[in-house]
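**Student:** Next come the chains, spelled out residue by residue.
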Amino acid sequence: MAIAAHNIDFDAIEARERAAQKKNWPTFILALLVSMIWVVPFYYMVVSIFKTHAEYAANNPLSLPEGLSPFFDNAISAWNTAKMGAGFANSALYGFVGAGLAVFFAAMAAYGLTRISFKRQNFWFMLIFAGTIFPFQIYLIPLFFAYQKIGIINTHFGMLLFYTAVCIPFPVLVLRNYLNGLSREMDEAARMDGASEFRVFWSIILPNCIGPMTATFLLQFTWIWNDLLFSTVLGNREEVRSIMNSLQIFHGSYSTAGPNLTLTAALIASLPAIVLFLLLRRHFMEGMRVSGV
Amino acid sequence: MNFKTKLLSLAFAGFMSASVVSVYAAEVTLVHDKPFWGEALQKVVDAATKSIGETMKQNAYSPPEQFKAYMQSSIAANDPPDIFTWWTGGVYEELIKSGQIAELDDIWAEMIKSGEFSEGVRDFYKVGDHIYGVPLHLSRWVVLYNKANYTKVGISEPKTWAEFLSNAEKLKAAGITPFVATTQDGWRGFIWFEEIMLRTNPEAYMGLHSGKIAYDSEPVRNAFKIWVDWYAKGYFTDPRSTEEVADFAKNKGSMNLIGDWAVGLVEKAGMKPGTDFGAFIMPNMDAALPSSAILEGSPIMLSKKGLAKPEVVKALKYFVSVEGANVWATASGNGLGNSKANPPNDVVNKINQDVAAMKTVSYPRWWEAVPADLQGEIVAELNRFMLSPTMETAESVMATTQKLNAAYWADKQ
Amino acid sequence: MVKYIDRESDAQLMQRIGWHQVKAVEDRAMRRNFWKAFAFMAPALFLVCGLLLMPVVYNIYFSFTKWKKFAGLDEFAGFSNYAKLPGNPYFDEAFYNTAIWVAASVVFPLAIGFGLAVFLRAVPFGNMFKNIIFLPRILAPTAVAVIWFHVYAPHGVINSLLAMVVGRPVDIGWLYQDNTVTPAIIATFVWQSVGLVMVLVLLGLSAIPKDPLEAARIDGATNGQVFRHIVMPLLMPTLVVVTILSVLSGFTTFDLLWVMGVGYPGQRTLSLAVYMYFESFQKGSWAFGSAIAVVIGIVVFSVTWIQTLMQSRVDKMTR
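Those sequence lines, one after another, are chains D, A and E. Counting with the numbering used here, you get residues 1 to 293 for the letters of the first sequence. Counting with the numbering used here, you get residues 1 to 413 for the letters of the second sequence. Counting with the numbering used here, you get residues 1 to 319 for the letters of the third sequence.
Source of the hints: derived by calculation from the structure; they are not laboratory data. Where hints are given, some of them may not hold.
Below, in silico cross-link-like pairs of lysine-lysine (DSSO-like), each with a Cα-Cα straight-line distance of 30 Å or less [claimed, not checked]:
| no. | chain 1 | residue 1 | chain 2 | residue 2 |
| --- | --- | --- | --- | --- |
| 1 | E | 66 | A | 403 |
| 2 | E | 66 | A | 305 |
| 3 | A | 97 | E | 316 |
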């Protein structure tokens, strides 16, 4: 007996959950203690960004800050020295354009794979999906030298090209499964009315895929935002660096700046992910579910 | 659908516009891997822009292995940067062997004729019959010391090895840790190793680099014994600190063995050169040997393509001119060997005078002299020693290091 | 094919009903369709083949050359790069550490995540705890590594907490000592990834329809039996996929180790992925680095293949 995975009703689940939670205070206390393991590092980060370097070095790392004002100095210092502005802009560009294009191309490919019948569909699908089965290390050296040769190393275009390519296979998997479960009545009707394949794709299939497309877009955007390795190898020039690359360089080469600055930089770099998560929690959960199925 | 269309057209526009890379502008870009000098270099390139009339920029790569990889791959693609910084030693020769590096003999002839540079400095950058680099900075490795502590304990700059040791003992007795030494940034493990080797047995020190002396031979063991002894006496600060300059500036330790390029950094951290801290060259154990000091001089190099561009040559000449050297000295506290330029600060000035007076002999730094392939692994072993400075660790470090060393030289036969 | 009583052969039958003509028309349509589909798949295909599949071929090719620093790409090295691997102390250490890392990064998040999921189901305000524990999952490994680097620092959070417990200053260099560095980084990894397993298990548990559970309970099944025979099989597919993904990401973990291991002298042996980076980009041994990458690929393949075999076996068992 398999779970009918598409049809999970989140509201009903939440209602059932709430009903199932009894007023069980001992377990609550225990849960509180256990969750401290997750709270303390965040508390530590929040507390440290309000300290000056001297203050941090002189006191217990978990102590409360003496005032709130050092935060602005820390933020400005971290922003400038770590070049977070460029990192932010670059990662945003790579994330939106790269993930966006990847999901769109994936939708096209999934449409081709499911809505048009031709021989050996599975072979072509496996070809695209093969992009995910290799460890990243195997791409590093060839791409590094190929990019250098073609002249796209350390360019925005080069980074976009890679990020788009690497974010295609997974959405293809998800969308292909999703489209297979989507009824074909509407597009059959449209075809009989004389619509071209592209018209069917654009006007009928695409609007129905917004759900999984958004979920996979969020996942891939997060992946690109969090990337360190490929930005270091393929786009290490200051103007082209991703934000995590800038953060790592700040942490490694500017350690004399002090933990308060480095933690501020880490917080700044993480803000978009946190904000996105809080706003779009349901889509994230859907993405997680979709990746686990 | 409107939203989707907008989004897609935006994405496409972004993609297309990002692909228009700004390719050819008549600008000169100095490529380097020293982001901690980013501000200072920016001042120099700004001044250079005014002087040569072409825009000059500086571009920092980090970490150093990414910079090295970028250089290697750009050489492989026959497209090295026009002007860039590098290191002397094994990696210098490797780069030159690629055949894409420019010979700077003519530029050097001018530099010597003007009286600004000596032939000694020129020969530092010679490989075979030609010169391939000009100095980005020329720094000697000295012991910075906290003058207030010295006065408090009643000691002065040591002229002999015995005095150096007794100074440390007196500081320790007064509750002040004598030496600041860390493994920050992963490369510093060799600093005290090379200095102790140089002071106890300079011939063996040089023998290490040519494979004649083994890393587990007696001279090395003696150096480690001294090092272990000093750690046992509590002479060193916590090696795990990630803030060596700050540790010295905040008086966590009284002395800091470092290149004189650090004077500018210590100044930024709050101590005034000359008044708050000074420097001396560590004395040799054997007083009969001539005064010696480790010399470090990262070069600026040009690719052959760069040499062909007049604006690049102008930029290079500006760098080594009196004016350029002065801007650099003020911005970073570094000198580059131009005898007509201002000394960057009192401390470096005093060291230069000491060197002239004592006729100090220059020795290459371990970092450049060690074969490039062994550099990363051996320095990691030395770091390992500093984190656990016992004789047991020292024996293990010596054994591992010699294994690597022997394998390297055996391969070379 | 239906056989007529007069034993007409298949070939004759097909000839009679014009099967070949129909098939020819269908084939033409399929081929036309193929090109239509190809148009849709083209961008994805070109990008994936060009940037993800071709590099694999090149990487394998490089590993058979003598490429180092600036030269040697055109010299054939046979298997010498691979032969150099097994005895190499750095490679052995990295391989061993990677094995430990992968095992720990699969087992601990699964076990702890599962436990947390079951535990938090019956806790008031469980949603709040869920979100707190899940939040690290959306942070970048780099940011998490930077935070935890300072948590583990000699003047950091762990040491001061221990000092409070023990009563005197504690000065352990967690990320600097051989015996504590890997457990410390594993702990950080578990801290970050437990949330995902927990959420997936919770979703799975909530999605189980109530009827079979109630039916089982009416029949007198204990909680343990219900768990073992109904809940676990339903959760199996999710757990197996999570395991496979964890293995793949365990072999390629780089960010956490590179950022947190920055002060550790043996950093290059923390995992095969880090070792490959150091060999290629720090020492310029491109061919050797390519060989390491190929070895990583082979190991990942083997483990994933074994897991997929086991998964189909498990699937058959639970059907």
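**Student:** Taking the numbered hints from earlier one at a time, note which ones the structure violates and give those numbers from smallest to largest.
**Tutor:** Of the numbered hints given earlier, the structure breaks just one, which is hint 3.
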